[in-house]
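Visitor: These are the residues of each chain, in order.
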Amino acid sequence: MRYEAPTTVEAAVSLLSAEAGLAKVLSGGTDLLVQMRMGMMEPDLIVDTKRIPGFGDIVEENGGYRVGGAVPSAELNEHAGFTAMYPGVAEGADLIGSTQVQGRATITGNLCNAGPAADSVPCAVAVGCVARIAGPNGKRDVAIEDIPQAPGKTSLEKGELVESLFFPAKPANTGDAYLRFIPRTEMDIAVAGCGISITLDDTGTCTAAKVAIGAVAIKVLVVDEAAQALIGTKVDEAALDALASACSAAAKPITDKRGTVEFRKEVVGVLAKRAAKIALDRAKGA
Amino acid sequence: MGIHVSTKINGDDVEFVCDAEETLLDVLRDRLNLTGAKEGCATGDCGACSVTIDGRLTCSCLTLGAEVEGREIGTVEGVAKGNELHPIQQKILDNAALQCGVCTPGIVVAAKALLEKKPDPSEEEIRYWMAGNLCRCTGYDKIIRAIQDAAAEMRG
Amino acid sequence: MASSTGEAPESKGTHQYQPRDFKVVGTTPLRPDGVDKVTGRARFGADMNLPGQLVGKVLRSPHPHAKLVSIDTSEAEALPGVKAVVTRDDFAENEAHHDILCNIMARDKVLYEGHAVAAVAATSRAIALKALKKIKVVYDILPHVTDVDEAMKADAPILHDDMFTHGVDPMPTTASNIAGRCEFGHGDVDAGFEQADIIIERNFKTAATHQGYIEPHACVATVTSDDYGELWGCTQGHFVLRNVSASLVGMDVSKLRVTASEIGGGFGGKTTVFLEPVCLMLAKKSGKPVKMAMTRDEVFKASGPTASSSMDVKIGCTKDGRITAGFAEVRYQGGAFRGAPADFGAMCAFACYALENVKAIGWEVVTNRPKGAAYRAPGAPMSVYAVESVVDELAKAIDMDPIDFRLKNAARNGDKSSYGPKFESLGLVETLEAAKNHPNYQIPLGPNQGRGVASGFWFNFGGETCSTLNVNQDGTVAISVGTPDIGGSRASMCQMAAEELGIPYDQVRAIVTDTSSLGFNDTTEGSRVTFSSGMAVIFAAREIIGKLCERAAMMWDIPVEAVKWEEGKAIPAGANAGDFEPLTLAEIADAAGGTGGPIAGHHEYNADGAGVSFGTHLVDTEVDPETGFVKILRYTVIQDAGKAIHPSYVEGQFQGGAVQGIGWALNEEYIYGDDGKLQNAGFLDYRLPVASDLPMIDTVIVEVPNPGHPYGVRGVGETGIVPPLAAIANSVSDAANLRMTELPMSPPRILKAIHQAEAAE
Amino acid sequence: MVQVVLSGIMKTAVDDQAEIEIEAKNIKQLLDALARDYPKMEPYVKKGLAVSINGVIYRDSLYQKIPEDAEIFVIPRLAGG
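Protein chains in written order, with this note's numbering: chain Z, 1 to 286; chain U, 1 to 156; chain V, 1 to 761; chain W, 1 to 81.
Read the hints as simulated data drawn from the structure, not as lab findings. In this text the structure is predicted, and so the values were computed from the model without any measurement. All residues carry an ideal CB built from backbone N, CA and C; glycine is no exception. Each hint should be verified, as a subset may be incorrect.
Cut-off 27 Å, straight-line C-alpha distance, at most; resulting in silico cross-link-like pairs (DSSO-like, lysine-lysine) [to be verified]:
#1 V:677 <-> Z:153
#2 V:133 <-> V:285
#3 V:133 <-> Z:24
#4 V:23 <-> V:564
#5 W:25 <-> V:422
#6 V:422 <-> W:28
#7 Z:50 <-> U:81
#8 W:65 <-> V:314
#9 V:314 <-> W:47
#10 V:134 <-> V:288
#11 Z:50 <-> U:8
#12 W:11 <-> V:416
#13 V:677 <-> V:134
#14 V:314 <-> V:23
#15 V:396 <-> V:314
#16 W:46 <-> V:422
#17 Z:257 <-> V:205
#18 Z:257 <-> V:153
#19 W:28 <-> W:46
#20 Z:252 <-> V:314
#21 Z:265 <-> V:416
#22 Z:170 <-> Z:252
#23 W:65 <-> W:28
#24 Z:257 <-> Z:153
Using C-beta positions, here's what the derived DEER-type ranges look like [said to hold, decoys possible]:
#25 Z:285 <-> U:120: 24 to 30 Å
#26 V:225 <-> Z:255: 56 to 62 Å
#27 V:516 <-> Z:254: 52 to 58 Å
#28 V:225 <-> U:11: 43 to 49 Å
#29 V:201 <-> Z:284: 51 to 57 Å
#30 U:155 <-> V:444: 32 to 38 Å
#31 V:448 <-> Z:44: 49 to 55 Å
#32 V:51 <-> U:13: 23 to 29 Å
#33 Z:285 <-> U:13: 47 to 53 Å
#34 V:442 <-> U:122: 21 to 27 Å
#35 V:108 <-> W:48: 23 to 29 Å
#36 Z:255 <-> V:202: 24 to 30 Å
#37 W:43 <-> Z:254: 44 to 50 Å
#38 V:742 <-> Z:254: 54 to 60 Å
Here chain Z stands alone, though its shape is the one from the complex (with noise of 0.2 Å):
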């Protein structure tokens, strides 16, 4: 196996691209190095992108905020003007693993992964999170709900990596929020997760929402019915009542060693309120 951390991000797309054996990116690696250890994964070349210039930087692009591709999940948790955009964003990549592991876990690798229970994911789609990815044929924009595919898989082509995750601007009177279940109060994979966005107008009446469920699917679904379940009410009971079955509803989890099919169908429901309830709260600027 070789290791490069190329300087510039055309020279990583060439090592990713040459590379006839199997190539891994290598940001935070909390995924990547298990996965070496373990014996289920031999690559021939590992590219690691933290000497990048960039790729270790958060910066404000447009009222929004741009994020490196290997910025930790803990750095972003301590920049001030991220975590008060987004909170919801933030309190899902701080679950990753443990303090060692968000000291260097990365969103895009969490993302890239394509693990269903990824838990920086859901809010991240919730939010409109679009990735940035550098390949042979230049630089591409993409919504990030469509690079996982299923387990493992993502749709980037070879020689392609996400350079970094754009954040847009926050609409005012909006609030995020991510819940995740885990048997244990941390260092779990999620049974099911949440992530939400609400937007309300001067009203209190909800006017734009977006919901991801994690954990419940081969990958992170946006479950549409359940925005539509909030936009034009006042997120009230009924309104949250109806969001948790559509949640449900559009979750098709297996039962495996972390929880059953009926267990996370339900669970996943229960989250979802409860997100909400906090995501309103937020967009109240409670």
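Assemble chains U, V and W onto chain Z, guided by the hints.
Guide: Structure of chains U, V and W alone, referenced to chain Z:
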């Protein structure tokens, strides 16, 4: 085939050669004889291998040796200043906050990083910060008290 | 920390309890190994390296049950850098340790996923792993069984065709997975149930759990060409390890020296051998030192977890709360070989109660899982969980406070125990009274919150022990013990020696010696070390005192009978009182060269007279009715320690045991797929409790002296894990207004139970 | 003669008797006599047993004296974690 790496460990310049697959933990333990960091799981779930890289707490088992070129590493061996124990080390002893002691190096490194970031953490903040450091002997009670005591002493 | 002291009953044991005013015992000095452990200098199993050492790795079966048709190692042996490969062919049959032999290296069959089939020593880890892939193993796959109830069925796949159930008369003539049946009790349970006003009968299940020590098994071994071996590694019992390993490898015991490294937790899991004989064999074959360490998934798949269980309990009581009869039938699977602790489970089930009619039956079963090892009070937590759950339900049914119910039926001095012998001295009632009076028992509960109580018991034992104390020329004292220190026992040894000799704690230093420096010592297990090694230290110190008095008598030229030892000094007594200035230990030690040479004390014995230890736990929980999540709000451990030598480490044992129990009750479990493979062989999905899961764990040390120990010490390590399973189940059942009968009470199980209870209403 | 109660797995080895009488002055004599008089007991004796004399459990002390009127239980050899 080896990768040559120049780095700083506990303030001292260190050079080593490692294979691409080797983790920082492998390098510390097997090449540099710094065996304070332990391999409890090799998957980032136990925290016994905790170190700091450029001041940030992380698991050395989740870092490649090759990645630390030019970085500054802090390990448990560098926490005491000579024979003078760091308050967290002393308070762990005073509180009997260890039984077997295998998780203790990771606890020391993680708690020190917490107190540098947050001088007056609540019990809940301590518990969540330390959630990645498994201890099977103590039930954590005395560890949490030791960190609270160390925090109080360091605040003066 | 509150404390209560009970009356010391008359001693019947070998060693008399003598009340005294302690000076060092009961204080909390810093442990001698402390600084090394907080600075990273302490050397654990994997921290030792020898010049030119190789790396050893084990090839493990991917199948839960298969015939081992052939193993071809030729390609692996040909790989550059590979220095030795071992398989079953390298180990001779061994009648005395047959099961251990079959477990460390599979013979005719592999019996569980992870069963060792070969091992390699190579110049690097990478080459060793590559070599494992080049070993060709032909398996003839057999049907498997991992569930205890399934394994007992007549048509279950049979693991051992020579296993005929012990304890059934006549012994069956067809092989089965039932290794044995046992029965304990007295009286007539049928007649007892006749007298009951209310009878509750339930079935329970508990999952297998792992000791979960943070340090994986590790060792480094070297064997010279003239067959002298040395082994360094983490173990709870290096003398037992030496004897077993020497036997399996075919060495004289005297030629193998084993040094116990610092040990990163054991809880029973490091009382046997796994890697060590293999490591020695690789070292012998390669002619080089070999180091081996398990990965975490190997620890889960191939070391020894505890038993899973399936249990039926039936208890009857009168309206006023007197238990008239108790019956339990427990079925434990302990993995692929004999040894599931069903006997201890049956013995402990009703140990808290003085019953006229009691019967407990235990079934010991084998399945295609790793060979179980001891885990803290082996066998007791499960059966006590079942019994204490039904007890709780009975108390509720007759509307009686659960502590009052227990007090009404509690075993007291002179009562016949449920496993036979009369109790000589026990502190159960004291723990129950302390629980009832504890402020945590009075705190009002909120919605979805519940309170649980449970008591538990462990026998404790002593065992073969010896210890040597050497007086140094400067008057300090070196203690050699043969029992590895896992929880701070070296500090306790120093305290007891200092107490006897009358010198300060910091002038005594204890080490755990290697196997060549002391006679045989039993393993650190069964809560025996502070009791047994401690007593050896006390008696060795007393021997030293005798010698010190002799030397002083010589220096003063008076009869030794006229010298007494007080507060660290020899004092002329009787007719000579006041004639000479007292001589300190340091002064006598300094003069020792001229008065007969070095001064040492030694004691060797079978430590009998261990005192039973009872505990009562209180726990408040809150259950999220929408997700089934359980939060532990507060937790209180009350246990009889006899006499706490180092109260902080006693509290630590209470707290650690309780939290292991919390893990067992709520989330920890071995999860098997239909394929017979373990699905959660890592800390991520095995789910030990983490710091944020827990509140502070309050403790109360009760001290009812053990009449069989000069200071009254009882072992404290194991009892702490016995009550939590039931205490938490009772608390959760109270919070959610239902009855949980399966462990772990993971959120999906609780939520399902909540829905079932709703549907039933 | 001492009265001995065998519990657990061993009860069937003494033909399900609640109590048996054995001539023994110490633990070794007791165990030897058990193995001699009740051949089915031999494997248990070989594997190792513990003996309770008046409530004190002895795991290894073979020559521990047994008083005439002692209450004797033979139980499995204790182990622990």
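Visitor: Against the structure, test the hints numbered earlier, and report the numbers of the ones violated in rising order.
Guide: 7, 8, 9, 14, 20, 21, 22, 38
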